[in-house]
Amino acid sequence: MDGEELSNELAGLIRLVAAGHRGAFRRIYDVYAAQMHAIAMRITRQAPLAADAVHDAFLQLWRNAGRFDVSRGNPEAWLISIVRYRALDIARRRGREVAEDDIPEQVDEAPDPLAQLASSRDSAALNACLAQLEADRRRLLVLAFVEGLSHSEVAERLKMPLGTVKSWIRRSLQSLRACLEGAG
Amino acid sequence: MSDDRHPVPEELHVLAGEYVLGVLDVAEMRAVRRRAMADPAFAAVITAWEQKLAPMANAVPPLPPPEALWARIEEATAPVALEPEDEPLRSRPVAPAAVGPHVEPPLVPRLRAAAARAAPRARLWPWQFTTFAAMAVAAGVVAVAVLPTLGSRLGIPPGLIGGPPAQVAALLPPDSQTAGFLAEAQPNGTVMLTALSTVTVPSGHDLELWMLPPGGTAPSALGVLPAAGRRLTLPQMPRAGTQLMISIEPPGGSPTGAPTGPVVFAGSLGHASL
Chain A
0 MDGEELSNEL AGLIRLVAAG HRGAFRRIYD VYAAQMHAIA MRITRQAPLA ADAVHDAFLQ
60 LWRNAGRFDV SRGNPEAWLI SIVRYRALDI ARRRGREVAE DDIPEQVDEA PDPLAQLASS
120 RDSAALNACL AQLEADRRRL LVLAFVEGLS HSEVAERLKM PLGTVKSWIR RSLQSLRACL
180 EGAG
Chain B
0 MSDDRHPVPE ELHVLAGEYV LGVLDVAEMR AVRRRAMADP AFAAVITAWE QKLAPMANAV
60 PPLPPPEALW ARIEEATAPV ALEPEDEPLR SRPVAPAAVG PHVEPPLVPR LRAAAARAAP
120 RARLWPWQFT TFAAMAVAAG VVAVAVLPTL GSRLGIPPGL IGGPPAQVAA LLPPDSQTAG
180 FLAEAQPNGT VMLTALSTVT VPSGHDLELW MLPPGGTAPS ALGVLPAAGR RLTLPQMPRA
240 GTQLMISIEP PGGSPTGAPT GPVVFAGSLG HASL
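Protein chains in written order, with numbering that gives the first Met the number 0: chain A, 0 to 183; chain B, 0 to 273.
Bound-form chain A, shown alone (with noise of 0.2 Å):
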């Protein structure tokens, strides 16, 4: 099943599952919970607290099911910014006292996740306007986005000034709406 296929049948589901059709929910546990967990696991960095974030992730989906409107776009984007929100939530909450001594193993750091970003169908535009960023920049961006980084977490972890990080993102976020955009 391509990208497409599985993203319309997402769209089905997630209609199923507004009417409380408990298969439909587990199918979408099935299928995404991995990659979820994933997300949620880089952005929290402990074991525990991934597993909540996809658990809160999945009650609300299971509550707000209905709320979901198709012409919003893709609904995989949805079920992310659901669980990437929570584990955000999280995160913050718990400062992440221990982030910087207490990653766990399964969470290698990618070399470059633009190298796997490259290989996603649906990512062809946002790759292409990614692409036109300086290297440094576009990996800050793709940084704060997988970790889940605060402005001041950045400027932390990359050892720069946190006025720098906050005017990169800010100038990067441009470049990619004005970018993505013209693209269409």
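Calculated from the structure, these hints are not laboratory results.
We put the CB at the ideal spot given by N, CA and C, even for glycine.
Part of the chain A face toward chain B, derived, beta carbon under 8 Å: (1) Ala37; (2) Met40; (3) Arg41; (4) Val53; (5) Ala76; (6) Ile79; (7) Arg83; (8) Arg91; (9) Ser122; (10) Gly147; (11) Leu148; (12) Ser149; (13) Ile168; (14) Leu172.
Since the structure of chain A is already known, use the hints to place chain B on it.
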């Protein structure tokens, strides 16, 4: 990215992007969420960023969640009633890791969890007879299908339900399938209401129980109901299909003899033959 309601300033496009990227601190995230709730155009900008940035998440290789996670999710989302199994989806091939064991948690913990969740959601509901009737019919279906097993698993003595045919009803909030009270009517006219969740009654108010026989047009008052439940005695056992409902009333019960406040739980009695 913006829509035609009003143009979203560049500054807010960047803020929405920072929010979706995940670089904001807790206070900033809260402020963004508050604004998004009040400003649909801004919310749409956030959605657009979510769509655009989500492919970055593919940079993370999948990592299967712990085996026990599905059971937790299932328990937390379980309906209070045992529903007939969903039609199995015609399943297409899935990665082997995705085919986990299907753990069915025991009913009683699920019931408690569901009931606990139901309590804070006992939302207020303007009294509307037609809606109540429709709701009670739906609840009745659940009660008849489910409660025999439920009664026994709840530790209700078998004689109570199993002897001569008693009747039971799960009393549900209007917007949920999680029971707030279990009602059992005995042939001798005894009706026992047991709270299945911690029911919070707004201060300065009482719960009042009402009964509406099949074909009846106006419910009759059965008195104030403590949040933990109570036992009451009727001249005879209510007929099958009798609707029970609980409304929120001024202290001491409705002054008019009819429900004046919102109906927070309702259900329809049905035979519970074991």
